[in-house]
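Protein chains in written order, with our numbering: chain A, 1 to 168; chain B, 1 to 888; chain C, 1 to 423.
Source of the hints: derived by calculation from the structure; they are not laboratory data. It is possible that some hints are incorrect.
To be verified - Straight line, CA to CA, 25 Å or less: simulated DSS-like cross-link-like pairs of lysine-lysine:
#1 LYS184/C with LYS421/B
#2 LYS399/B with LYS191/C
#3 LYS364/B with LYS421/B
#4 LYS399/B with LYS364/B
#5 LYS142/C with LYS35/C
#6 LYS54/B with LYS38/B
#7 LYS421/B with LYS423/C
#8 LYS184/C with LYS38/B
#9 LYS250/C with LYS159/A
Just so you know, these numbers come straight off a predicted model, no measurement behind them.
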Amino acid sequence: MIPKEIDNHTTENTMLTAEEIHEINEEIGMYPYRQAACIEALKVVQKYRRWVSDESIEDIAAHLEMSAAEVDSVATFYNLIYRKPVGKYVILVCDSVSCYIMGAETMLDHLQNKLGIGLGQTTADDRFTLLTVPCLGTCDHAPAMMVGRDLHRDLTPGKIDAILAACP
Amino acid sequence: MAKIILNGKEVEADAGKNLLEVILSSGEDLPYFCWHPKMGSVGACRQCAVVRYKDENDTTGRIVMACMEPASDGSVISTNAPAATEFRARIIESLMTNHPHDCPVCDEGGECHLQDMTVMSGHQVRRYEFGKRTHNNQYLGPFINHEMNRCIQCYRCVRFYRDYAGGTDLNVFSSRNKVYFGRAAEGALESEFSGNLVEICPTGVFTDKTFMDHPTRKWDLTAAPSICHHCSVGCNTIATERYGIVRRIYSRYNGEVNNYFLCDRGRFGYEFTNSDKRIRAFKIPGTTEPAGHEEAMQYLAKALKGKSVAAVGSPRASLETNFALKQLVGDSHFSLGMNTHDLEVAQLAFDIVSSGKIKVPSLKEIEQCDSVFILGEDLTQTAPMMALSVRQSIRNQVKPMASQAGIPNWNEAPVRQILQKDHGPLHIAATMATRLDDVATSTFFNAPAEIARLGYAVAHFINQRLRLPDGMEKRALDLAQRIAKDLMASDKPLIISGVHSKSKEVIMASADVALALSEAGKAVSLSLTFEECNTAGLLMLGGSGLEDLPAADVLIVQENDLFRRMSADKAEKMLASYGLVIAIDHIASHTTSNAQVVIPVGSFAESDGTLVSQEGRAQRFYQVFMPEGDTPEPWRRLAEISMLMGKPFQAHDFHEFTSWLAKSNPEFTGIDTMAPPPDFRMLNQRIPREFHRFSGRTSMKAHRNIHEQKPPEDPDSPLSFTMEGYQGHPDPSLITGYWAPGWNSVQAINKYQIEVGGPLHGGDPGLRLFDQTGGQLSYYQDIPQPLAASVNGWTMIPVYHIFGSEELSRKSPPVKEKAESAGLFLNPATAAEAGIKEGDRVIVQIGAQPASLEVKYTESLGKGFAGVPMGYCGVNPEIAFIKYQKEK
Amino acid sequence: MERPLTKNIRTDGQPVFLKEYESQGGYKALPKALKLQPDEVIELVKKSNLKGRGGAGFNTGLKWSFVPKKGDFRHKYLVANGDEMEPGTYKDRLLIEGDPHQLIEGMILSSWAIQADEGFIFIRGEYTYAAEVMSKALAEAKAAGYLGNDILRSGFNFNLHLHTSVGRYICGEETALLNSLEGKRANPRTKPPFPQVSGLFGQPTIVNNIETLCNIPHIINNGAEWFNQLSLTPGDGGTKLFGASGKVKKPGVWELPFGIPMRQIIEENAGGMRDGLKFRGCLPGGASTDFLTEQHLDLKMDYNSVAAAGSRLATGLMIVLDDKTCPVGMVLNMIHFFAQESCGWCTPCREGLPWTEKILRKIEDGRGEMNDLDQLESMVRFMGPGNTFCALAPGATAPLGSALKYFRDDFITHIRDKKCSWK
Ligand SMILES: Cc1cc2nc3c(=O)[nH]c(=O)nc-3n(C[C@H](O)[C@H](O)[C@H](O)COP(=O)(O)O)c2cc1C
Ligand code: SF4
Ligand code: FES
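Isolated chain A (complex conformation) (with noise of 0.2 Å):
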């Protein structure tokens, strides 16, 4: 026996948006009971929010019937989503072994020198979060890295140079 699912959600109280609210609702629609949209729920407020805050965290568990501390446990699990606010692009480096082989450090050096920060940080503009990511799956073109969505391969420090440059 299931315990009753309550239906009509009332979505007073809640900072989530509209927008927001119908996306994590569909994803509720593809698992059978709420709770399993958890991880949908975060990427849709990360998508519209970049990271994840805590006030969110506070809504994402009212609107799937969890507690913070539930869907908190979950979202600090996982390396993509982020408690922490982050800039317009998250730069994701490879660091494993491919890309070490082929050069990653020089790449990661350029870019905190480039950037003036360190791993983990933002610049000051807000435009760029530089973080190490594991393994990208494209090993045959090491060194790699992501920028946003974008996947770029095959890295020198100038390619680097021209793809920052290029970001809008």
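Take the given structure of chain A and dock chains B and C with the ligands to it, following the hints.
What follows is chains B and C with the ligands alone, placed relative to chain A:
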């Protein structure tokens, strides 16, 4: 039964168990962390590794986790093969890489499972030479202290808090070696069972904050087996003391009752015994100074001479105390200390459970039921540990799903995985939202009369010959039909109700449902809660309601605050109608301040006694320490008074008292023999209250006298007040603490059980007094009319809170901190109609006494009802329509 | 040489969408399979000797046959594992981005075999382009009636959804993946029960690798015998995506028969080592396999041969170590990865990997001592198979254990010279 070869020896094993349980049950040691007998196995810590061989000819074998392996017939297992011992040493070494070197200042030190397991695993030399990870700690409220650096990531805390107890605000965060156990944000833990983290956590991450206020090492505690005095469930506890201060309470294993756990009221409610509100001296008229013993006795002798005396007993005092009081004044002059309404409700409940017609389950039996219908109780507030048991029982109906898939019950994660959110039916009909609603199949919130009508309708759908209440709404009818169907579809349905709706109708309806199920051939049980720890015992003893107490010259009020039983004006009037009021208590109350004579006695920690739980289980609690002041056991004090009055009691010590009681009331047969008599010895020795490593005994009182004083003698029990005595595991009712060689933490409990998680060696203590067979009970069919809406006020609904509604625990500062400020619960619509908002204060007029309460909203309360918190100061307990006025 | 898996994949890198896929003979297997009994499909796949391409190499048809046929189940699920976070691995990306309908068709066929009614394609979050391609393809397939209810009017229902992940290597472990799909923390689950019995939402579930599933249409179309003869190794049916990364001339991924010698892949497909560099060794199938060295160059690349040489074929994508790259640094890099990606559930992995990483860092930084090597060796044993809750930690120690064997001198030089010789 399976036979396994363990370290070359043949061992009988229950094939339904896992190897770790079998190995521990066989008496062998094997270290573990993540496994818990009540929470099953998850295989996370990898500490319980053993080598399993294919057969007796296999010499290499392979490492397996004992907790994850079924004890199948013919298994060949070694716990001491080098591969296993080496691996276990490496596990503990790894766990210690991040563990701080703070044992000397850690509250867990000396009773730490991690310390024990480190020694057991043989890890001595530290090879790790790098930095340790560190965490921030959180404020978790008045009960629990948090020290995350000590964490060894066994996941037991979340598994208990979240999976077992249904809490939602404690969880695990992050991943890899950064996993963090705590709350999303700092704040008091919300679960009513948070205190169990103290015992669940194998190290010092979660410790007892109340204990930290007056810390003592485990081995310096004087301890005695006790019974929780804070509700009617009767959980077994161990109460401890040093230097006259009760230091902490923890759980005493009783396989039939609370097993390993306690609720937070029971664990943290003890501080009233150390309170400055304690009564430690006599008060007599004409003196302003506290009076001395001699002086008081002289006064009493004179004051009582030739006077007629009436007495008010107390459901929060022991059987012996009440019996002594009754002997003192005679049957006709003895009141049970409840108002007539409460007494009638309780008496009805008692008549039903003691009828012997329907099985009254223990908590263990509740856990084995497979469908539940609760009428009129918010169990988490009124019988908290029963709520915890109900939470376990609801998985039973679906558990066969796991067995069918070949998953043994102890294999916790897969069982949860396959059951998903499925569970057996739990239907709750209550006056307001309850703390079990999160797992309820259906909830129905309404006034007691409507709950009773729903109950009668359910009874009707089980047995068509019973009347269907007329005028039922369709929703209620459908629900009743559904509940009846669910109960009939299960094998062991359980009906729970009790006195907390203050409604006889609700109790009668639940009895009818249970009876109908019983006649339908179901193995039904019925559990009814009472308000206090000895209500059931008192009802067996017999006596009148407060209003029916005859007039007399003198009134003795024993450990009872009449202002909690009736409105202030009534209580004042009642007290004024006697020429002299003598209050005997251990703690100050409105009644003691309204009495001309106040007489100090010992609290539960300073006395022996017997309580009868709601289940009818008579259980003994023992004096923990000999108080320095003049606070003897209440029944001793009463014997003293009786002597003054020229009629000395026949009985002089506790045992004689209980024997006298048992002889004069046949219902109590056996309570004098259910625990060993005072002259009982093991190997000619008493059972020590102190640990064999107790320190400083010869010097602890040296600031007063350098000569070691003779320890006090205990004429009432086989326990000694010293560290000398029998060092083995004592009779199960005399367990003063858990220890076994190599096991300094509470986890030594394993060694006290016949098999892990089963009954104690010698049987679980306590004596069931209600006859369980062959009794008679007939249908009540006393169907109330549908509730008419109130016209000129709100209908009052009693609301209980685990922290605050109970008298004694409320006087403990940490509990008081948790007690929600007295609130008046209203449906927003009700409030709106009266022009009131959430947070406003309203003065409600109850009888003659106005009370100011803050308005809190709840959608679960119907229009026209007001939920009024019981037991909060200034709030009157009598059912009434109430009038209100908005406070400016 | 036939290359069924990649035959449609275009050289311009554009994905093959529905029209083109159909024109190349796509979705022909579907009506064929629907005419067979589900059990017949399972039998066919069993006989084809298709082994799981996710790493473990278990016979796919056999795995399917463990799904209970009778019983009261809310759903049966089929999940495509496209987490692909094993360092050095980039084959599933090619299949999704290049020929998405091949996977979809493979999944419909597989779901028919196991009678699943719901499916999920689980793709790692960083594969943004793959996700775009896949959603478009899914929409096409739905519109064309290949997905949804009453597929090709057969009465068979199969709904397929795309799930993009939010990081963490452990999500590739099939039971952790299921937890993640349920919106939970991706801790692996206790096995048994296996997902076939109690998987997603407690229902019978098959998790297969993307490459595994992409083979199914070809098996249905051409039969088990044909599939077996694609391989040079009897018992390992079909072709395999092999690849090489590191300092080879032409890193890449190629569809080749099982049993092809390692030398041929490195020297011919990958064009040999870059000028001035020598081959020192490789990890044959991703970061959780043991090193092989020069002596193994003529090894046949199939499950048994690679296992006999002390490693695992696993994903089949090699990471090549040259003579100018520090093996200690390389192992440190991988152990760092695994320590980061440990889910934090069981002790040996959670505590052992960070400790191992610290020891390796110490050696790499020139602060190592000789007894550190014993420590490292005991760490490898400590986190060995069976000792941990899942296979992450044993995989993590594979490169370390084998490096200590084959490149011990490099470790000793670091310790003796108190520095990394390549820095
Ligand atoms: C740590 C870990 C990571 C894994 N990652 C992947 C992965 O990214 N993709 C994959 O297909 N299988 C991965 N696997 C293997 C899966 O658990 C599983 O065996 C596989 O998806 C089954 O598919 P197959 O039978 O088609 O090979 C991983 C296993 C482990 C232990
Ligand atoms: S080996 Fe243990 S800690 Fe590591 S990923 Fe697997 S379950 Fe998690
Ligand atoms: S107790 Fe067996 S693995 Fe933790």
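To see whether the hints hold, each was checked on the structure:
For the proposed pair LYS184/C and LYS421/B, the alpha carbon gap of about 14 Å is at most 25 Å, so the pair holds. For the given pair, LYS399/B sits about 18 Å from LYS191/C by alpha-carbon distance, which is consistent with the 25 Å threshold. Between LYS364/B and LYS421/B the CA atoms are separated by roughly 23 Å; this keeps the pair inside 25 Å, and the hint holds. Proximity of LYS399/B to LYS364/B is assessed by CA-CA distance (about 17 Å); at most 25 Å being required, the pair is judged to hold.
For the hint linking LYS142/C to LYS35/C, the alpha-carbon distance of about 21 Å falls within 25 Å, and the restraint holds. With a C-alpha separation of about 30 Å, the suggested pairing of LYS54/B with LYS38/B is violated against the 25 Å cut-off. About 57 Å separates the Cα atoms of LYS421/B and LYS423/C, which puts this hinted pair outside 25 Å; it is violated. Simply put, LYS184/C and LYS38/B have alpha-carbon atoms about 24 Å apart, close enough for the 25 Å limit, and the pair holds.
A distance of roughly 20 Å separates the Cα atoms of LYS250/C and LYS159/A; the hinted pair therefore holds under the 25 Å criterion.
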